[in-house]
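Chemist: The listed protein sequences correspond, in order, to chains A and B.
All residue numbers for the first sequence refer to our numbering, where the first residue is 102 and numbers rise by one.
All residue numbers for the second sequence refer to our numbering, where the first residue is 174 and numbers rise by one.
Possibly wrong hints are sitting among the right ones.
Here chain B is said to cover these stretches of chain A; the calculated rule only asks that three of the stretch's residues, wherever they fall, bring their Cβ under 8 Å from a Cβ of chain B [stated by the list, open to error]:
no., segment
1, 149-159
2, 165-175
3, 225-233
These are computed hints drawn from the structure, not numbers from a lab.
Glycine is no exception: its CB is placed at the ideal position from the N, C-alpha and C atoms.
Below, each chain spelled out in residue letters.
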Amino acid sequence: MDKETVDRVISPDLVSLEEPPADKRAVIEHLLDLAVEAGRVSDREQALEDLLAREEETSTGVGKGIGIPHAKTAGAIEPTVAFTRSSDGVDFGAPDGKPATLLFMILVPEAGNSEHLEILSSLSRALMNDEVREDLHTADSPKEVTTVLTNAIT
Amino acid sequence: MMERTVTIVPEAGLHARPASKLVETANEFESELQIATDGAEPVDARSMLAVSSMAAEQGEDVRLIADGPDAEAALDALEEVLSTPEGEYDDE
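Isolated chain A, as found in the complex (with noise of 0.2 Å):
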């Protein structure tokens, strides 16, 4: 992904360096509420439905302690990235057992084609980097988190 479309999916008003709910279901919840709350999302019901049927299918944790629930949606408005952070860690069933300290939200609109697997494989690609994940973990505001994916994604 390239800068601009990287600046336009992920905001500091999309990061919340707030401790968020414990639980799956709830976690998801409060990260669709950032975009929400950015303006992002035309219906909250249907982005959460489709995300919730995203989980059923295979939940979305994918080990090295991150969770990315990702939905493909007629409720969202423009691609979307959200950012919280736990530190207690929230079951996402990940292969490797190990609960989500770093959690995204991927929502696209229905038009997007495959936009949302390119973000996801963009971020899943930036994860990888050992640096990447531990400059999350010690970010201390959204604007530095947005600097550090932005950084890490382009």
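With chain A's structure known, arrange chain B on it following the hints.
Modeler: Quick look at chain B alone, frame taken from chain A:
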């Protein structure tokens, strides 16, 4: 070290259920298992994060690389996951 090229059959590509099935299967073997799309660096087939980074789609060829005592059996098992249409997994 053994290699095999396999075409992705599941409609979802290497995403969602097929991806988690692949990672789950890869973890059942002792061998080092890597997977790569055409021209890309191979990644650890036992890591969901790594497999998610591939964005491999239906119809795409992927290279499987196995190194270890059960390499051939591992390649057979991974090939089966990649060649089985979603919905035909026998564990459901």
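Chemist: For each hint, tell me whether it holds in the structure or not.
Modeler: So, going through the hints one by one against the coordinates:
1. 149-159: holds (count 3)
2. 165-175: holds (count 3)
3. 225-233: It holds: at least three residues are needed, and the segment 225-233 of chain A offers 4 whose Cβ sits within less than 8 Å of chain B.
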